[in-house]
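K.L.:
Spelled out from the first residue to the last, the chains are:
Number of protein chains: 2
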Amino acid sequence: MLLVHKYGGSSVGTIERIKNIAKKLARLKEEGNDLVVVVSAMGDTTDELIDLAKKISNRPSPRELDALMSTGEQISGALMAMALEDVGVPAVSLTGWQAGIYTDENAGRARIRSVDPSRIKEELKKGKVVVVAGFQGICDQNDITTLGRGGSDTTAVALGIALGVEKTEIFTDVKGVYTADPRIVKNAKKLDVISYEEMLELASQGARVMHNRAVELGWIYNMKIEVKSSFEDEPGTIIQEVSEMEPVSRVRGIAHKKDIAKITLKHVLDKPGIAHRIFKPLGDAGINVDDIIQNASESGYTDISFTIPIDDVDKALELLENVKRELDIREVSCNKKVGKVSIVGVGIQSTPGIAAKMFGLLGEAGINIDMISTSEIKIGCIINEDDVEKAVNVLHDGFGLGEE
Amino acid sequence: MLLVHKYGGSSVGTIERIKNIAKKLARLKEEGNDLVVVVSAMGDTTDELIDLAKKISNRPSPRELDALMSTGEQISGALMAMALEDVGVPAVSLTGWQAGIYTDENAGRARIRSVDPSRIKEELKKGKVVVVAGFQGICDQNDITTLGRGGSDTTAVALGIALGVEKTEIFTDVKGVYTADPRIVKNAKKLDVISYEEMLELASQGARVMHNRAVELGWIYNMKIEVKSSFEDEPGTIIQEVSEMEPVSRVRGIAHKKDIAKITLKHVLDKPGIAHRIFKPLGDAGINVDDIIQNASESGYTDISFTIPIDDVDKALELLENVKRELDIREVSCNKKVGKVSIVGVGIQSTPGIAAKMFGLLGEAGINIDMISTSEIKIGCIINEDDVEKAVNVLHDGFGLGEE
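Order-wise, the sequence lines are chains W and S. Position 285, counted from 1, in the first sequence is what the numbering used here calls 400; the numbers after and before it change by one each time, with no gaps. Position 6, counted from 1, in the second sequence is what the numbering used here calls 121; the numbers after and before it change by one each time, with no gaps.
Incorrect hints may appear among the rest.
It does not matter which identical chain is used: a pair holds within one copy or between any two.
Claimed, not checked - Straight-line alpha carbon distances no greater than 25 Å define the calculated BS3-like cross-link-like pairs of lysine-lysine that follow:
1. LYS430 to LYS451
2. LYS169 to LYS138
3. LYS373 to LYS451
4. LYS439 to LYS290
5. LYS134 to LYS169
6. LYS169 to LYS243
7. LYS170 to LYS243
8. LYS304 to LYS505
9. LYS170 to LYS134
10. LYS139 to LYS169
11. LYS290 to LYS170
12. LYS170 to LYS139
13. LYS170 to LYS138
14. LYS243 to LYS304
15. LYS430 to LYS381
16. LYS139 to LYS243
17. LYS241 to LYS139
18. LYS290 to LYS243
Quick caveat, the hints were computed from the structure, so don't treat them as lab data.
Working from the sequences, and respecting the hints, build out all of it.
P.N.:
What follows is the structure, given as structure tokens:
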């Protein structure tokens with residue numbers, strides 16, 4: 116059987132770990148499987164490379180950052196191939212462009228346009244384990260691009276789809292997807308199965324579990340994704356199309372985020388087209404605006420609040436300076452001390468009483484709700500950053516999600 | 116004017132140095148020059164990558180080593196481009212394959228087959244400084260190859276030729292080519308001009324000054340090469356076609372080597388074809404055999420000695436084990452404690468008295484000569500490794516090469 120595995124940065128963080136994975140892969144190969152193995156950069160390599168760049172320039176160009184960062188996965192890929200060869204398994208490492216990962220030109224956040232797996236298939240036919248450098252591709256200009264943080268997951272799922280496997284396996288440093296972040300909630304429970312949609316909403320665990328874009332890609336192509344531990348040999352959580360076997364309208368998990376900031380625009384003229392003029396420059400700059408709240412208009416003016424990733428704050432405030440001048444907005448303020456907690460589950464928004472219960476639980480715990488946002492499968496509250504861990508626990512207990 | 120520069124590992128060894136070079140390049144750009152800049156990996160990066168590989172495997176495959184090592188120059192190239200952009204100079208970094216450096220498939224020691232400079236020209240036309248990752252190329256299989264140690268010099272000269280510049284400038288941590296290694300001989304003198312041939316024989320300074328293959332390439336295409344300091348703004352040494360302006364038959368410099376080993380094969384059957392059977396496997400393995408000495412045959416048997424780079428000893432001894440069995444050679448021994456000292460100058464071999472003077476100077480200093488080898492422009496002696504520095508000084512003084 117053809118298997119597509121992905122190993123994250125901590126899974127290949129040391130020489131010892133790379134060797135252990137190679138031994139495991141050797142066994143799978145011996146059992147008659149073909150293997151395509153996507154690797155992230157070792158441990159903190161990507162951060163170290165970014166630090167180097169920042170020492171050179173405050174604003175390194177995305178094109179050069181991509182050329183720089185893509186080396187991290189090229190290194191771990193070559194080392195993994197060497198480790199395989201060292202235990203007698205024929206192997207070959209391929210960079211993104213060698214593996215046929217074609218992307219758009221959006222450096223630093225490139226999206227995969229197509230995958231040409233012919234080189235991979237050729238190497239598999241020669242009996243080789245194919246190790247692919249994750250997180251990277253090549254655009255029409257023949258420039259190296261990267262897919263954004265966690266992009267190796269996307270590489271793996273894209274290859275799984277292009278190669279037609281039944282599921283793509285993502286090996287990481289957690290055992291699967293939990294009802295809440297197990298670092299915060301002691302009795303958080305591992306889920307056996309979860310829908311793509313729910314997984315996306317549980318993105319608070321994202322950085323450690325799965326890259327969102329990979330889940331979306333899996334969803335579109337209906338590619339099953341199993342998230343499991345690199346270090347233990349047991350089943351993980353399978354992300355797949357929602358099915359009848361799970362009761363709907365139940366809270367499945369508690370998501371949270373801390374690395375966000377709330378930006379508030381005060382006294383904005385309330386007329387058609389204004390929101391577009393505010394959010395278009397942010398969108399053009401690739402800033403992902405999350406919850407947007409617009410208060411009721413008073414005398415033709417309104418206040419608008421929204422949240423963005425904390426890393427994008429400087430860029431956003433710079434862009435909003437122009438918007439402020441052009442639209443005569445009275446004040447642009449920013450609060451970096453906010454967090455978000457959400458309950459996630461298919462159908463919960465339309466189920467009476469669930470939202471009220473959530474607000475009640477938070478209120479009883481003395482946690483003030485700053486903003487509320489909902490989607491079909493999620494109810495989220497923006498709260499004080501310091502209250503996030505308490506809120507997650509209160510909701511996890513309140514909705515009875517813990518291990519019995 | 117179009118300039119082709121190359122900066123070695125120590126020249127780009129720190130962030131500060133990269134920034135300084137960028138400032139210098141910015142001035143040259145401002146003066147109206149176009150620039151192609153070849154960079155080596157920062158400082159010890161290549162060695163660190165090799166160390167990583169060795170922790171994974173005792174015998175990492177050359178193909179994967181190349182994939183690994185080529186990242187070093189990709190990193191320094193991207194950083195140099197960022198540094199240029201940071202001082203307001205449009206720049207772009209290109210890997211070997213992006214720069215159109217096509218090589219054969221001999222991983223780790225690939226030779227450049229052709230250069231397609233179209234991407235470079237396109238970027239120059241856009242007004243950009245083009246930074247090229249040295250030391251690497253791509254072969255017909257679309258695999259990344261490296262050109263061997265010091266290959267960035269070869270990249271620079273090859274690009275100089277392909278782009279039709281008048282000379283290629285190699286910036287390094289020494290001021291030029293000296294009459295002897297200035298670390299060993301205090302009053303060694305910088306040469307203004309030297310022939311390709313003499314430069315090749317002065318290869319003892321090679322690791323610090325120039326890669327031999329680059330000199331050969333320059334020679335074949337008659338590309339002038341200037342070796343000069345990265346840190347000081349003064350003329351270096353120009354390597355070019357020998358000309359009348361220099362008197363011939365004079366010792367121009369003293370070369371030496373320490374990183375060699377002498378291998379001796381005892382009691383070898385002396386018949387036609389034997390030497391081929393001994394040296395072919397070494398050649399096939401890419402081992403560069405230097406001086407070969409065969410003693411007079413006694414009763415149909417002879418002894419053969421030769422020197423090789425010390426790094427190739429293990430591989431050579433392994434290969435010679437087979438040869439020993441097949442050819443019934445009595446003993447294969449190895450002496451790693453040898454060195455070589457040579458006098459270099461066009462015409463010296465055919466000038467009476469020069470060789471005798473050399474042997475006399477060494478003898479007076481109590482230095483024993485183990486083997487002698489000569490070429491048209493060089494007389495070399497294999498001696499005890501510990502005597503090398505003394506020998507270089509004795510010969511440098513004896514032939515009156517020092518600064519007045």
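K.L.:
Next step is simple, just say for each hint if it's right about the structure.
P.N.:
Here is what the structure says about each hint:
1. LYS430 to LYS451: Close inside one copy (14 Å), not across copies (60 Å); limit 25 Å.
2. LYS169 to LYS138: between (37 Å within a copy, 17 Å between copies)
3. LYS373 to LYS451: Within one copy, since 9 Å is at most 25 Å while 61 Å is not.
4. LYS439 to LYS290: neither (47 Å within a copy, 56 Å between copies)
5. LYS134 to LYS169: Between. Shortest inter-copy distance 12 Å satisfies the 25 Å Cα cut-off; intra-copy 32 Å does not.
6. LYS169 to LYS243: between (39 Å within a copy, 21 Å between copies)
7. LYS170 to LYS243: between (40 Å within a copy, 22 Å between copies)
8. LYS304 to LYS505: within (18 Å within a copy, 74 Å between copies)
9. LYS170 to LYS134: For LYS170 and LYS134, the Cα distance is within 25 Å only across copies (10 Å; inside one copy 33 Å).
10. LYS139 to LYS169: between (38 Å within a copy, 20 Å between copies)
11. LYS290 to LYS170: neither (37 Å within a copy, 28 Å between copies)
12. LYS170 to LYS139: This pair counts as between: shortest inter-copy Cα distance 18 Å, intra-copy 39 Å.
13. LYS170 to LYS138: between (39 Å within a copy, 15 Å between copies)
14. LYS243 to LYS304: For LYS243 and LYS304, neither the intra-copy (38 Å) nor the inter-copy (55 Å) Cα distance is at most 25 Å.
15. LYS430 to LYS381: This pair counts as within: shortest intra-copy Cα distance 19 Å, inter-copy 74 Å.
16. LYS139 to LYS243: Answer is within; shortest intra-copy Cα gap is 15 Å, inter-copy 48 Å.
17. LYS241 to LYS139: Classified as within; 20 Å inside a copy, 50 Å across copies.
18. LYS290 to LYS243: neither (28 Å within a copy, 49 Å between copies)
This entry does not satisfy hints 4, 11, 14, 18, going by the numbered hints stated previously.
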